[in-house]
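Student: Residue numbers (this note's numbering), protein chains in the order written: chain A, 1 to 258; chain B, 259 to 525.
Source of the hints: derived by calculation from the structure; they are not laboratory data. Mixed in with the good hints there might be a few duds.
[Claimed, not checked] List time: in silico DSS-like cross-link candidates among lysine-lysine, alpha-carbon distance up to 25 Å: (1) B:481 x A:93; (2) A:7 x A:93; (3) A:77 x B:476; (4) A:77 x B:269; (5) A:179 x A:7; (6) A:179 x A:155; (7) B:269 x B:318; (8) A:37 x A:209; (9) A:157 x A:179; (10) A:77 x B:481; (11) A:7 x A:37; (12) A:77 x B:523; (13) A:77 x B:508.
[Stated by the list, open to error] To be clear about the criterion: a stretch of chain A counts as covered by chain B if any three or more of its residues have a C-beta under 8 Å from a C-beta of chain B, and this derived list gives those stretches: (14) 34–48; (15) 73–83.
Keep in mind the model is a prediction, meaning the values are calculated, not measured. Note that beta-carbon positions come from the ideal geometry of N, C-alpha and C, so glycine has one too.
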Amino acid sequence: MVTSQLKDRIATLTFNRPEKLNALNEELIQSSIELLKGWAADPDVGSIVITGSGRAFCAGGDVSRMGGEDCSTLEHKIDQLRDWQELSWLIYKHPKVTIARVNGFAMGAGLGICLACDVRIASDQAKFGTAYAKVGFGGDFGTTWLLTQYAGAPKAKELFFLADPIDAVEALRLGLVNKVVPHDQLDSATQEWAARIAHGPLISYRYMKSNINLAAGADFRSMLDREAETHQRCGQTEDHKEGVQAFIQKRAPRFTGR
Amino acid sequence: MNTFQQILYAKDERVATITLNRPAQRNAYSEAMVHEILNALEDARDDDAIRALILTGAGKGFCAGGDISSDFEYPARYRGHRLESMLEMRENMHQLVRFLQRFDKPVIAAINGAAVAGGLTLALCCDFRIAAESARLGDTSLRFGLIPDEGGAYLFARFMGFDKALKMSLLSETYPAREAKELGLVTEVVPDADLMQTARQWADRLAAGPPLAIRITKRMMYKQRTMELDAALEDAALSTLAVNYTNDVKEGIAAFHEKRPPNFKGR
Chain A
1 MVTSQLKDRI
11 ATLTFNRPEK
21 LNALNEELIQ
31 SSIELLKGWA
41 ADPDVGSIVI
51 TGSGRAFCAG
61 GDVSRMGGED
71 CSTLEHKIDQ
81 LRDWQELSWL
91 IYKHPKVTIA
101 RVNGFAMGAG
111 LGICLACDVR
121 IASDQAKFGT
131 AYAKVGFGGD
141 FGTTWLLTQY
151 AGAPKAKELF
161 FLADPIDAVE
171 ALRLGLVNKV
181 VPHDQLDSAT
191 QEWAARIAHG
201 PLISYRYMKS
211 NINLAAGADF
221 RSMLDREAET
231 HQRCGQTEDH
241 KEGVQAFIQK
251 RAPRFTGR
Chain B
259 MNTFQQILYA
269 KDERVATITL
279 NRPAQRNAYS
289 EAMVHEILNA
299 LEDARDDDAI
309 RALILTGAGK
319 GFCAGGDISS
329 DFEYPARYRG
339 HRLESMLEMR
349 ENMHQLVRFL
359 QRFDKPVIAA
369 INGAAVAGGL
379 TLALCCDFRI
389 AAESARLGDT
399 SLRFGLIPDE
409 GGAYLFARFM
419 GFDKALKMSL
429 LSETYPAREA
439 KELGLVTEVV
449 PDADLMQTAR
459 QWADRLAAGP
469 PLAIRITKRM
479 MYKQRTMELD
489 AALEDAALST
499 LAVNYTNDVK
509 EGIAAFHEKR
519 PPNFKGR
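Next comes chain B alone, as it looks inside the complex (with noise of 0.2 Å):
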């Protein structure tokens, strides 16, 4: 666990914290830091202790998305296939794209800075955004004539409306936090200052919550979105199985009736 470079990774009692360490290039993202963010992201989805998690960025900016300053275009390993080169992305970026879709504990992005492009997709992939408002969001890929292509053609459109997300890539835009908020790609916007300590609160009240339902309910909304409603009634029924019969259940119930808050532990 002390073996991270390009991230720093941080256990609090039941928060996890994962900062992107790369200042200097505003956190954008190397393969190495990638492996890195899905071994700390194992290892909270593996420690029972760890109920949310938060993701933020060391410095000015959150993440850049991808390094375009070294061995950008074909990795000498590659020897110019470009049929290899073209996978190094989906075993990167694209597996902690997946992972973080398919992470069933929740995750809040702090973002404290340039959240852009590859940076924005990484922050949608979250399923809270808090934003400082001195940051920035927007997709800047085609400045470089690059294409958003971690996922975010697929990711901007859902959270913002398709002609917003076209014109958001089309024309490069970066927004401010709070009229990103208005466009749907920030969940809160608070005082630079306060921004860890805000993150912090909603992680501790995530994490105050029932695990076990947290997390089931977590996955049925995500996994439901392409589902029907009959596949999704089935869904529905099929984790009750899972939560119903849990003492946190019956906890639940107890601390409503005596009145005291409930002292969940996801069994």
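So that you can see chain A by itself, here it is in the shape it has in the complex (with noise of 0.2 Å):
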């Protein structure tokens, strides 16, 4: 259901499941769960990927099992989609830098999954879009909270409502990816942006990180004080004191995410 690469500092998970889109199963999401949870703890990694095989980056939920008789009670089944809907939070909170490369459809809990990552960089053939109003759902995965701060409340229930498909340009427009290019260089452009991070001074990138996600819901007094206290707490790393030598020697800092 997944693929998983270290390679470089840099680890990349890959959704495989292309005859279905990647559409999200219980093996699918716990796995991607499992491999980012050791991520998080592993030295080796810098930076994390997470894209889809074939033409898909994320095609969502599985419609074809959608609407059939089931046993489940809605308390499970509020419960299996808290436990699935981990994933958008792992990815948004987690301490490495996680890149979404999106090759193709991310529509629906793929498109939460997407825009849970810290950055986004698109093919030209990429699509994204919400669905749920398709099928009669209601939205998961983060979509809500994380499409109304991206693109303010008014294009998010656009999104929500028409539920069409929007191409990567437009999406670019709206600040819902960082950087559209085109198909065949998806790869290189993925690569030089994740080969960067994963050598730069992961600490200060973590608390950048939690940082910016803290600021969407604090104010501008609790963020001057929190910068006090990160800005300090990265001046004690290894990696700052290599970044001032280098520059004063004029070279290229060797960073060691210490």
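Both chains come to you apart, so use the hints to assemble them.
Tutor: In structure tokens form, the structure reads like this:
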């Protein structure tokens, strides 16, 4: 259901159910969560790329399995969705930088997973959509919060109510992706960002990321105080000393993540 | 289910019991113990027959907090990377704290002995705390130069009031069960010999209630603590959709008219 690779400090998680456009199921989600948890505690992982095999990044829930009779209770369904949505939370809160390599369709829950990543590099063939209104669902995997944060409430409502897919250029215009590249350059563009981050000052990244996440729900004064703590904490790292030395000596820094 | 090494997990009719089982360490939690508790909680959550849960400790203590006896500072696998070792707690004890805060079936802590530092936090993550009168509760983190980092800094003040929590943590105080009850840390104090029986009576009463309505009421009360009134009312309206049309409501009304105890099924 997923494949993983760790090469030159870049960990890659690939949703691998191409015949179902990488639609989510229990095994795909739990394997992804296990891998991501392992990478959180692995000093050899510097950055994380999340992507899909085939034509889709992730098409969301498995519609072919919806609508049938099932004996599961409402409580079980809620508990299961809470468990599954941990994937979005884990990506969003992950101590390493997460990069979505959006190779194709990112729909519904797949859009949520895509938006939970820190940055998104999209192929010019990528398509984004909420899709929930088409099947009478309500929105999951963080799409509600993330779309409202990134695109603003009016646009989020349009994307939810009308559920028209948008292309990569429109997604870039709305601020949903960081960069759009021709499909055949998706690998090199992703690799370039992932490698730079993987060899960067990881402790700084960790605090930058959590600070920006916190800023979504905090006031200016609290964030100033938070910066005072985290900025000075970063100042105690070996990477900070190395960065300063490299600057003085006019050479490239060699960061170790400590 | 027989794979637990550091806890005991038992299910008896509608009540599940998790017993922390490292008595020689006063049930200080290890990484492995936290994983086992999480696995047991997941089983209790997913088993429709289970309607209430008791958390207690084997031997003299309830839980002494994090185990600081072995491989404490930076576990070897992190090879000196502080970034990763900082996360270990988040991935373990913090995960347990979050799981309990979002666990919808009622949980009773049967506090058989010392519940200190992270052990007190664990008890505060349960819905009710029944303490044996010889038990002591408090925060001893600073005695070791450590801090209440499992969520205690957040929870203590919410249960005791701010100045009392500050005093407990900064002076590393522990209190006998009766004083702890006055301070708001304990729901009820009972003679030592009655502890498990009382906890079971509470659990049985909770288990006899309407499971879906109990679950949703608990969830509403926890999540509405951080909501404005308007959002809370909207949440309540949504929750009625899941509850008001169940057979349990018909059964509750019928039992009332027929002057008999209701037999709730959670459907």
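Student: Are any of the numbered hints broken by this structure? If so, which, sorted upward?
Tutor: none
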